[in-house]
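Chains A and B are the protein sequences, given in the same order. Heads up, the first sequence is in this note's numbering, so the first residue is 34 and it goes up one at a time. Heads up, the second sequence is in this note's numbering, so the first residue is 2 and it goes up one at a time.
Where hints are given, some of them may not hold.
[To be verified] Pair ranges (Cβ atoms, derived):
1) B/L53 to A/A88: 22 to 32 Å
2) A/L145 to B/R291: 54 to 64 Å
3) A/E241 to B/I35: 42 to 52 Å
4) B/I128 to A/R83: 35 to 45 Å
5) A/L118 to B/P245: 44 to 54 Å
6) B/R291 to A/W263: 24 to 34 Å
7) A/G166 to B/K189: 37 to 47 Å
[As the list claims (entries may be wrong)] Computed list of chain A residues with no C-beta within reach of chain B, every gap over 12 Å:
8) I58
9) E98
10) R102
11) Q106
12) R120
13) N123
14) E124
15) L181
16) R249
17) L253
18) T260
19) N269
20) P273
FYI, nobody ran anything at the bench for these hints, they're computed from the structure. It should be emphasised that the depicted structure is a prediction, and the values quoted were computed from it without experimental measurement. Cβ atoms here follow ideal geometry from the backbone N, Cα and C, with glycine treated the same way.
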Amino acid sequence: MLILRMLLSRVLLSIVTLFIVSLIIFSMVELLPGDVVSRMHGRMVTDEQRAIIRAALNLDTPALERYLRWLGQIVRLDFGTTLALNRPINEVLGPKISNTLILAALSFVLYLPMSLIPASIQAIRRDGVVDQGISVVTLILLSTPDFLLATLLLLTFVVFFPLLPAMSIVDHVSTFWEWVRALILPAVTLSLVMSVYAIRFLRDGLIEVLDSDYIRMAELNGLSRRTILWRHALPNALIPTLNVTALNVAYLMGGVVIVEKVVGFPGFGSLTIDAMLMLDVPLIEATVLIAASVYIVANLLADIGAILLNPRLRTMTASK
Amino acid sequence: MKISLVGDAAITKSNSWRVRYARMWRESPRSFRIGFMILLFWVVVAIVGPFLAPFGPTQIGTGIPLSGASWEHPFGIDQLGRDVFSRVIHGAHIVLLLSISATLCGLVIGSFLGLLSGYIGGWLDEIIMRVSEAMISIPFLILAMLIVAVAGPQWSGNPILVIVAVAIVYIPRTTRLARAASLDIITKDYITIARLRGEPSLSVVRREMLPNATGVLLVEFATRAGFAPVLIGSLGFLGFGMRPPTPEWGLMISEYRELIFLSPVTLAGPGISLATLVVGLNLCTEGLARMLGRSGEGVSA
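Extracted from the complex, chain B is given alone in its bound form (with noise of 0.2 Å):
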């Protein structure tokens, strides 16, 4: 993320971050800006939109049920008299909190087991990638479903339940990327000169090779990001996620589906909801990834 700041040495230290990240801003890919805009005003959305919205996620009684939309009510009304645009806003936070806490503890476990079997090499090399290879090999959504399932009817709609299912579907797909990216640094000579100093394998994963794969990681958290919604959005689609009345918006569309013939309307708020925060964080990802490759020297070196 190092842009060269060719002769701005001259600018004072408290200005210059303000000027580095407005040039930042101003190089990124124009993708980028889009999707960063969607993605802040969702973070806006999710912060202070329980205390604006107009009803409760839960309030019943908000109007005449399935009465279709209206200036009170932007997306209807539901089959239990629940406002939906304020079910939206109030399941901005569930979604955006599930999502980064799921996708953050399958980067974590993954990138350092990915790090960790590229450095030292050998059987324990050889278990976790077989292993991680396997775990690809069930589809993502029947692995989560499976987690779930077995996880029995006492964790059933349980957030963290959900975190595990989608951080369990991750990290073997983290731990691949990252030994790849660990394949490419323990060639490096900081690498040896830190294992000739003597130091313990996780302190050199930890201090020389984990900050060296901070691009490819950070390029892959946001892919992985993008993706959470929508598989916590299946999950709750299919009944294996958060359970009702949680305003998550896969569940939402779920609910809502019944209701298309008596009153379509409600499916348009968790559904253009859910497909413009994941736009939003695809169009990151992708700007992302466009400026770490041109920058990618200042990265991996």
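Bound conformation, chain A alone (with noise of 0.2 Å):
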């Protein structure tokens, strides 16, 4: 009965955090000072295109109105009509977001074997030659800017061994194996960037698992090394390793930004960068709110995930 009270209440504060990320973006985008048309095209614009672009914002009602209005749509998941392609938002939104969605998708599952195997390395010679030349290798890649990463990765593959595309163009004629060649070096990137992040923290879990009495137990009982990193250790430490992943997920809405300018890829980040460019308010707002929303998501269901893995937790308080 608490736990389901806890995992209610982490959803509502999940639902009130959005609520306020909703206020913010809103504010941020429309209550600056100066108004909107101006900064979006500066002291050029006639008075016919200042009333166009006021009657495509409503900018004539009240502030509260429009923010209830846009809240009110939202909440049926329409984003209203972009000002630069007049368009519906959920039109141009939905092949960038399925684009970004397969890459994505592809980064998770060049993530998983990419973080656990030098981890697992790393924590079973723990301070010896390999495990401290995983960890410059990995503090080094820590350093290293996603943006440069990427653009190092392009220098390799592209210019020095040509083997993929510069630019990773892709749309719905593309053959499967175009779509692959134009995933690849997006994907490396995001993957090993996320995993970085989680070699330090998962290398970190397991050695402390590994060091703890149930463990010793388990090696006075003769089980073989493997067993007991794989069905003992690697379970222990994957709860820690939870939270990286959730905030690696976090990453990744930012990190699509960089990577799709990058190889060109025609996904959410560039359209992100497309509407901040064009100050594209109701396509901005969009973006934002959507990014947030993932990372909300994405530590809910983390928090979830550990508060139903860890019986420790389930008698602990839900705020952090």
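Two chains, two frames, some hints: make the complex.
Next comes the structure, spelled out in structure tokens:
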């Protein structure tokens, strides 16, 4: 019963956060000093253009009313119409989001072995040459900004070893093979950035578990190292890693912006950049809100997972 | 940061400082020493570099454009005939100044809000924490881009805007951390005593809580400062940060990305610089956290 109440309050908290996010986005975009129109076009805007934009954004109605109307639309999952293209935002967003979802899914498929295998090796060979070597490599990768990493991979696999296309431009007529070639570079970049974070967490988590009494017990019972690692240590080290993975999902929303820009992949990230560069107000609001919701949902799922997986957590309070 | 000086009482005052720092240095983890040296290198480059650089940051016609690396132009020459090596050196103080001021702004405002929130509690705490939580939910890069975008074209490329954007990204994160630290501090007796003395809240936060959260906030500062060049570089890379011809490294990487087929060596300058600076900052942070963790009692008590 208690656990149900905890889960419910955690879900409610997420909804409240999402509501505040919508308020922040709306006020940042529309309530800043100076009106939206002149911020969009500078001083070189005719009265006629001004009137068109003001009408499109309903700027003549009070801000509160506009906010509530926007909120009402969002609840029905309708984000309105873009200014630049004059098309429904859902129509514009749909294909971009599905492209990015494919990219994200592939990145996560690569992410799992790329973080589990090095971290396990490090934990087993603790403080050895291999462990320290991997630590140095992860530290260097951790310190390489993702846009630099993406550019370096591009340089390696496009310029020095011309195996992959320089621009990952795909559309609905692209063949499966073209998709694969287009996705390799951005997916590898994203999974590399994500696993570097996870490896460092997972290594420390694994070592802590390996030092615990029940692993000692298993060792004394004569179980093989491999069984101990896979059956006993890894599942227990996964709980702290769950939070890192949630953070990684959140990173992914910003990461796709960078990586999609580097390879020219037509996804959610590229759309976000375009929306911001053109100051397409409804599209900005939609993309930022979606990015924030992904973060909130990912954290919610990680917390629910932690509550369900860890009996000790069930007795503690939900607030962090 | 207080490391005990057992048996050093006899040393004269003027000497004791040097001994103290020398000992701190010797006792510091190796990662901290390496990081500190890298950082020192970049600080020196930032200060004296502009006077020693062979060419100006925007000086054109320094050689044959895109002619690759040579002894006079270790990182090559870009498409406009500018010396990349000189540009990187001239960029050092820009990157460092932007990073430090943005981090400092975020840290000062964030720790003030967090400590106050924890000390006062109640609905103010609730509001500050909910808003911070909501702002953290917006991915940091998208939040920074949003701030730059809504500021409008007249602010484009303004260093103040870049500092503000990064600071706003940092404020809610520091607030949350400072509040967590304050929850531990407010249970201490000296806070109760200060409260009973009738000190106003702001004074308790500044005079009693802030000094006792220094250790946590110092590590936070180092962590954030380590990420600031990346965030500023990302903004520059995406066209939301500094504008050409500013020799900001992220912006340079974005500019020279176009030259990967013609003269890839131009990428080496800003790339290596940015990566080593961040490695240095991260090593320092790691070492600092370990040093403060070891003498943690002296910090929190």
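Report holds if the minimum CB distance from A/P273 to chain B is greater than 12 Å, and violated otherwise.
-> Holds, because the least Cβ-Cβ distance between A/P273 and chain B comes to about 18 Å, which exceeds 12 Å.
Compute the least Cβ-Cβ separation between A/T260 and chain B, then decide whether it is above 12 Å.
-> holds, 34 Å
Range hint 37 to 47 Å (beta carbons of A/G166 and B/K189) holds or violated = holds, 44 Å
Determine whether the non-interface label on A/L253 survives the test: each CB of chain B must be over 12 Å from its CB.
-> holds, 32 Å
Confirm or reject the claim that A/L118 and B/P245 have a C-beta distance inside 44 to 54 Å.
-> violated, 28 Å
Status of the given 42 to 52 Å range, CB of B/I35 versus CB of A/E241 | The hint (42 to 52 Å, Cβ to Cβ) is violated, given that A/E241 and B/I35 are roughly 26 Å apart.
Is the nearest Cβ of chain B still more than 12 Å from the Cβ of A/I58?
-> At roughly 8 Å from the nearest Cβ of chain B, A/I58 sits no farther out than 12 Å, so the non-interface label is violated.
A/N269 and chain B, when compared Cβ to Cβ, separated by more than 12 Å | holds, 24 Å
Can the suggested window of 24 to 34 Å be confirmed for the beta-carbon pair B/R291 and A/W263?
-> holds, 31 Å
Minimum Cβ separation between A/R120 and chain B greater than 12 Å?
-> holds, 21 Å
Is the Cβ of A/L181 more than 12 Å away from each Cβ in chain B?
-> It is violated; A/L181 is separated from chain B by about 5 Å at its closest Cβ, not greater than 12 Å.
With 54 to 64 Å as the target window, see if A/L145 and B/R291 comply at their CB atoms.
-> violated, 30 Å
The structure is inconsistent with the numbered hints 1, 2, 3, 5, 8, 15, although it conforms to all the rest.
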